[in-house]
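Visitor: Letter by letter, the chains look like this.
There are 2 protein chains.
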Amino acid sequence: MLYIKQLLQEGKTIEGEVTLQGWVRTFRSNRFIALNDGSTIHNLQVVVDFENTPEETLKRITTGAAIEVKGQVVESQGKGQNVELQASEVIILGDSNPEEYPIQPKKHSLEFLRENAHLRVRTNAFGAIMRVRSTLAYAIHKYFQDNGFFYVNTPIITGSDAEGAGEMFRVTTLDAKKPPLNENGEVDYKKDFFGRETNLTVSGQLEGETFAMALGKIYTFGPTFRAENSNTSRHLAEFWMIEPEMAFFDLIDNMNLAEDFIKSVLKYTLEVRRDDIEFLNARFLEEEKSKPQQERSSMSLIEKLEFVIHNDFKRVSYTEAIDILKNCNHNKKKKFQYLIDEWGVDLQSEHERYLVEKHFGCPVILYDYPAKIKAFYMRLNDDGKTVRAMDILFPGIGEIVGGSQREERYEVLKQKIADLGMDEQTLWWYLDLRKFGTATHSGFGLGFERLVLFATGMTNIRDVIPYPRTPQSAEF
Amino acid sequence: MLYIKQLLQEGKTIEGEVTLQGWVRTFRSNRFIALNDGSTIHNLQVVVDFENTPEETLKRITTGAAIEVKGQVVESQGKGQNVELQASEVIILGDSNPEEYPIQPKKHSLEFLRENAHLRVRTNAFGAIMRVRSTLAYAIHKYFQDNGFFYVNTPIITGSDAEGAGEMFRVTTLDAKKPPLNENGEVDYKKDFFGRETNLTVSGQLEGETFAMALGKIYTFGPTFRAENSNTSRHLAEFWMIEPEMAFFDLIDNMNLAEDFIKSVLKYTLEVRRDDIEFLNARFLEEEKSKPQQERSSMSLIEKLEFVIHNDFKRVSYTEAIDILKNCNHNKKKKFQYLIDEWGVDLQSEHERYLVEKHFGCPVILYDYPAKIKAFYMRLNDDGKTVRAMDILFPGIGEIVGGSQREERYEVLKQKIADLGMDEQTLWWYLDLRKFGTATHSGFGLGFERLVLFATGMTNIRDVIPYPRTPQSAEF
Numbered sequence: 001m002l003y004i005k006q007l008l009q010e011g012k013t014i015e016g017e018v019t020l021q022g023w024v025r026t027f028r029s030n031r032f033i034a035l036n037d038g039s040t041i042h043n044l045q046v047v048v049d050f051e052n053t054p055e056e057t058l059k060r061i062t063t064g065a066a067i068e069v070k071g072q073v074v075e076s077q078g079k080g081q082n083v084e085l086q087a088s089e090v091i092i093l094g095d096s097n098p099e100e101y102p103i104q105p106k107k108h109s110l111e112f113l114r115e116n117a118h119l120r121v122r123t124n125a126f127g128a129i130m131r132v133r134s135t136l137a138y139a140i141h142k143y144f145q146d147n148g149f150f151y152v153n154t155p156i157i158t159g160s161d162a163e164g165a166g167e168m169f170r171v172t173t174l175d176a177k178k179p180p181l182n183e184n185g186e187v188d189y190k191k192d193f194f195g196r197e198t199n200l201t202v203s204g205q206l207e208g209e210t211f212a213m214a215l216g217k218i219y220t221f222g223p224t225f226r227a228e229n230s231n232t233s234r235h236l237a238e239f240w241m242i243e244p245e246m247a248f249f250d251l252i253d254n255m256n257l258a259e260d261f262i263k264s265v266l267k268y269t270l271e272v273r274r275d276d277i278e279f280l281n282a283r284f285l286e287e288e289k290s291k292p293q294q295e296r297s298s299m300s301l302i303e304k305l306e307f308v309i310h311n312d313f314k315r316v317s318y319t320e321a322i323d324i325l326k327n328c329n330h331n332k333k334k335k336f337q338y339l340i341d342e343w344g345v346d347l348q349s350e351h352e353r354y355l356v357e358k359h360f361g362c363p364v365i366l367y368d369y370p371a372k373i374k375a376f377y378m379r380l381n382d383d384g385k386t387v388r389a390m391d392i393l394f395p396g397i398g399e400i401v402g403g404s405q406r407e408e409r410y411e412v413l414k415q416k417i418a419d420l421g422m423d424e425q426t427l428w429w430y431l432d433l434r435k436f437g438t439a440t441h442s443g444f445g446l447g448f449e450r451l452v453l454f455a456t457g458m459t460n461i462r463d464v465i466p467y468p469r470t471p472q473s474a475e476f
Numbered sequence: 001m002l003y004i005k006q007l008l009q010e011g012k013t014i015e016g017e018v019t020l021q022g023w024v025r026t027f028r029s030n031r032f033i034a035l036n037d038g039s040t041i042h043n044l045q046v047v048v049d050f051e052n053t054p055e056e057t058l059k060r061i062t063t064g065a066a067i068e069v070k071g072q073v074v075e076s077q078g079k080g081q082n083v084e085l086q087a088s089e090v091i092i093l094g095d096s097n098p099e100e101y102p103i104q105p106k107k108h109s110l111e112f113l114r115e116n117a118h119l120r121v122r123t124n125a126f127g128a129i130m131r132v133r134s135t136l137a138y139a140i141h142k143y144f145q146d147n148g149f150f151y152v153n154t155p156i157i158t159g160s161d162a163e164g165a166g167e168m169f170r171v172t173t174l175d176a177k178k179p180p181l182n183e184n185g186e187v188d189y190k191k192d193f194f195g196r197e198t199n200l201t202v203s204g205q206l207e208g209e210t211f212a213m214a215l216g217k218i219y220t221f222g223p224t225f226r227a228e229n230s231n232t233s234r235h236l237a238e239f240w241m242i243e244p245e246m247a248f249f250d251l252i253d254n255m256n257l258a259e260d261f262i263k264s265v266l267k268y269t270l271e272v273r274r275d276d277i278e279f280l281n282a283r284f285l286e287e288e289k290s291k292p293q294q295e296r297s298s299m300s301l302i303e304k305l306e307f308v309i310h311n312d313f314k315r316v317s318y319t320e321a322i323d324i325l326k327n328c329n330h331n332k333k334k335k336f337q338y339l340i341d342e343w344g345v346d347l348q349s350e351h352e353r354y355l356v357e358k359h360f361g362c363p364v365i366l367y368d369y370p371a372k373i374k375a376f377y378m379r380l381n382d383d384g385k386t387v388r389a390m391d392i393l394f395p396g397i398g399e400i401v402g403g404s405q406r407e408e409r410y411e412v413l414k415q416k417i418a419d420l421g422m423d424e425q426t427l428w429w430y431l432d433l434r435k436f437g438t439a440t441h442s443g444f445g446l447g448f449e450r451l452v453l454f455a456t457g458m459t460n461i462r463d464v465i466p467y468p469r470t471p472q473s474a475e476f
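Protein chains in written order, with the UniProt record's numbering: chain S, 1 to 476; chain F, 1 to 476.
There could be a bad hint or two in this list.
[Said to hold, decoys possible] DEER-style ranges, computed between Cβ atoms:
no.: 1; chain 1: S; residue 1: THR13; chain 2: F; residue 2: GLU167; range: 39 to 45 Å
no.: 2; chain 1: F; residue 1: GLN425; chain 2: S; residue 2: ASP419; range: 48 to 54 Å
no.: 3; chain 1: S; residue 1: LYS190; chain 2: F; residue 2: GLU228; range: 16 to 22 Å
no.: 4; chain 1: S; residue 1: LEU181; chain 2: F; residue 2: GLN425; range: 48 to 54 Å
[Claimed, not checked] In silico negatives: residues of chain F with every beta carbon more than 10 Å from chain S:
no.: 5; residue: LYS79
no.: 6; residue: VAL152
no.: 7; residue: ILE157
no.: 8; residue: SER349
no.: 9; residue: GLN415
no.: 10; residue: ASP432
Hints were generated in silico from the structure; no laboratory data involved. From the three backbone atoms N, C-alpha and C, an ideal C-beta is built for every residue, glycine too.
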């Protein structure tokens with residue numbers, strides 16, 4: 001089969017009659033079809049020989065209709081394309097009633113398109129976003145595989161509820177209305193499908209560590225779930241996450257990897273999907289125009305991508321960051337919602353954005369956080385109060401990566417679990433890693449949709465995943 | 001960092017002192033460490049200068065211990081390797097008490113290793129299996145991306161319960177014991193997280209179709225769930241599935257793609273993971289020896305892979321297959337559990353295996369099945385009783401692919417949905433595809449673990465996924 005992408009690349013070198021299938025984007029002057037088959041953002045101009053095409057067929061060439069066209073590739077007389085297709089025949093495969101078809105050749109609101117998520121990918125913007133998403137996913141696999149990492153599918157349904165990364169969804173086959181009860185009058189999960197209470201995973205990290213401590217370098221890339229009732233433009237109940245985990249890596253190795261990884265996958269995607277990103281760049285600039293001058297981005301989408309690819313991320317300890325924030329005019333003038341007054345507080349999105357967007361003007365890696373505000377598995381520093389954690393903060397996005405060196409010492413980890421009142425029993429296998437051949441190791445998690453947001457210049461996370469899952473919404 | 005894979009490849013060209021980290025597989029004669037770091041199936045022989053190494057250190061070099069070694073790469077005097085490491089220093093990173101460590105250098109049963117799934121990947125066999133799995137996954141992405149397909153993440157949590165592919169898991173945040181009830185005394189799913197009853201997906205196909213009808217060629221690769229109480233060596237409650245979907249493809253195009261796809265990914269994996277597959281090949285032959293002569297495979301694992309890669313799959317209609325089965329001696333002598341007496345019956349695993357293993361001796365594509373035994377979305381043939389379905393059957397595995405051309409006609413599909421008593425309302429978006437720009441399209445699903453089974457020569461599906469989920473079992 002011949003696709004428009006290939007036709008536009010090879011142009012006039014294609015001789016003889018060709019056959020193409022696709023969907024009509026527009027049809028004007030009873031003569032010019034803009035045909036798209038999804039292979040590229042670009043439409044092929046098809047010139048219909050309207051005098052020799054039945055009136056009945058011409059009428060059915062409407063926006064959204066599926067057609068097959070046969071014809072010759074010829075040099076284009078019009079602007080905007082080098083070649084076009086001189087059609088000898090147009091066959092209607094599937095009609096699209098203009099009175100009913102929701103996707104018309106005009107600007108639709110993003111809200112309207114979300115309600116028609118099954119059709120929105122037929123628009124230029126969403127076609128581009130989803131192609132970029134696909135290429136970015138592939139870039140991630142390629143990067144890791146080229147660098148000696150093994151892909152691991154950690155479990156989605158998990159009996160382990162100790163990760164503490166957030167609220168969980170229960171997975172069950174018990175009767176919803178009248179679940180079986182045990183002698184104590186509690187739900188009898190022994191009768192559930194897995195013989196225990198199970199949830200959807202909030203992170204594959206702990207299982208990922210077990211594989212890193214055998215295969216050396218691994219990564220996960222799979223769906224992850226948070227049952228949090230937060231209806232924001234940055235949160236989804238179901239999202240995809242990448243979690244590499246590396247034996248013998250300390251926190252510095254971890255930072256180096258994360259920075260190189262992000263730069264590499266963005267670079268690959270910008271090269272391979274240049275056309276789509278140029279379209280999204282134009283869209284981004286158009287959106288910016290509608291904002292007040294002082295809120296506009298100083299860079300275009302492509303400039304932002306180039307900037308990240310070519311500049312070092314700034315590495316700053318939590319302690320330094322607190323100093324900067326405490327003493328900045330923004331804090332002194334009480335412009336933060338949460339004022340920074342002492343070491344130890346968790347940073348809010350407004351602080352992260354201040355550091356990245358106002359103070360440093362580049363991606364920032366914050367590290368060595370207070371142990372109290374971070375997870376149990378992070379490596380305690382010798383100061384006894386900070387852990388070897390790192391977060392990467394991006395302009396416009398906030399936290400895009402969260403990682404750490406892991407606590408590799410059995411006794412220290414055991415004590416931490418006890419201190420937090422967590423159940424050591426359910427973590428027996430995780431503790432085993434510290435009992436048998438333990439070693440320094442590190443890893444991080446990257447929310448895939450946040451990276452897609454950055455790469456596409458979109459601002460709502462619901463627009464960069466095919467079918468968003470959010471509180472009160474699981475249509476399609 | 002230097003890994004053993006690279007060291008063995010580059011051999012003596014590596015000059016000066018090198019540093020390596022890994023885990024001790026064995027330590028013999030107080031002198032020879034077999035060191036593995038997961039990068040390859042091969043161990044590096046490390047020769048310890050035991051006269052200049054503290055007794056205390058030598059004692060701690062035990063199976064499973066993590067160590068760091070420094071030394072020179074030298075030509076090996078021993079058999080089985082070209083180079084070895086002459087150690088100048090051995091540092092113990094993490095001990096492994098031989099009295100407690102479950103993974104000893106001896107043959108463990110697969111059952112025992114399943115109970116220690118967090119450690120089994122430290123064995124040669126599971127290291128090889130999991131590396132093959134990783135490469136096979138990458139081969140799949142690479143094949144599709146190289147051929148103009150876009151990767152789509154269809155939703156895992158779904159409100160659509162109409163796919164009919166199997167029993168589903170419910171996903172909920174409602175109180176397990178006392179769920180809220182509505183006026184009719186039924187569970188009030190309006191109060192659940194998504195405002196409706198939701199389940200884990202059994203297939204991404206329907207959502208995949210929506211993207212194919214915009215982007216042309218797409219594929220999914222994600223986890224899929226079946227709440228079926230079947231405790232067999234071929235079923236998992238959670239497994240990974242690949243589902244390509246192509247606009248403008250008919251059933252023949254679909255078969256051609258599926259065949260080329262399987263051959264290509266196996267070929268790539270055999271090339272890239274030759275070492276691991278050679279190890280698994282030897283393991284396979286060893287296992288075969290313990291079987292009675294007549295049950296042994298006529299081919300080794302590598303021969304089976306080569307056979308599939310280089311031979312055409314046999315294409316046979318369901319009607320022809322029924323003729324073959326009805327008239328075969330096996331059926332006449334009543335050796336099938338389910339005898340084949342008439343057209344229209346569903347084929348059991350015993351019939352599929354007879355066709356593939358006894359009759360044809362090669363992979364078989366069965367097509368044009370009776371409509372009654374297949375799903376609602378399959379394209380009805382003009383005979384009015386068969387559908388454009390196809391299954392690919394593999395020796396030793398059975399069904400590995402199930403696909404079809406999809407019913408693209410609005411009225412026919414609507415009628416089928418009505419006839420089956422399904423809810424048209426929940427499928428409004430799926431029907432929309434037939435209303436707006438419909439066209440011939442096709443796709444298939446391939447169970448990833450079944451392909452890994454075939455590529456590794458393993459026989460139980462629980463041994464080719466990191467942490468298997470089966471009835472009554474969700475440990476780790």
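Visitor: Beyond 10 Å from every chain S Cβ: check whether that's true for LYS79 (chain F).
Guide: holds (26 Å)
Visitor: A range of 39 to 45 Å was offered for this pair. Does it hold for the Cβ distance of THR13 (chain S) and GLU167 (chain F)?
Guide: Since THR13 (chain S) and GLU167 (chain F) have Cβ atoms about 54 Å apart, the given range 39 to 45 Å is violated.
Visitor: Measuring from beta carbon to beta carbon, are LYS190 (chain S) and GLU228 (chain F) in 16 to 22 Å?
Guide: holds (19 Å)
Visitor: I want to verify a distance hint. Is the separation of the beta carbons of GLN425 (chain F) and ASP419 (chain S) within 48 to 54 Å?
Guide: Between GLN425 (chain F) and ASP419 (chain S), where Cβ atoms are some 52 Å apart, the hint holds.
Visitor: Decide, holds or violated, for the assertion that all CB atoms of chain S are farther than 10 Å from the CB of VAL152 (chain F).
Guide: violated (6 Å)
Visitor: Regarding the assertion that ASP432 (chain F) does not contact chain S, is the least Cβ-Cβ distance greater than 10 Å?
Guide: ASP432 (chain F) not clear of chain S: closest Cβ-Cβ about 6 Å, inside 10 Å.
Visitor: Find the nearest Cβ of chain S to the Cβ of GLN415 (chain F) and say whether that gap is larger than 10 Å.
Guide: holds (18 Å)
Visitor: Going by Cβ atoms, does ILE157 (chain F) stay more than 10 Å from chain S at every point?
Guide: Non-interface label on ILE157 (chain F) violated, nearest chain S Cβ at 5 Å vs cutoff 10 Å.
Visitor: 48 to 54 Å was suggested as the range; check whether the CB atoms of LEU181 (chain S) and GLN425 (chain F) agree with it.
Guide: violated (35 Å)
Visitor: Quick check for students: does the CB of SER349 (chain F) sit more than 10 Å from each CB in chain S?
Guide: holds (23 Å)
Violated hints, in rising order: 1, 4, 6, 7, 10; the structure is consistent with all others.
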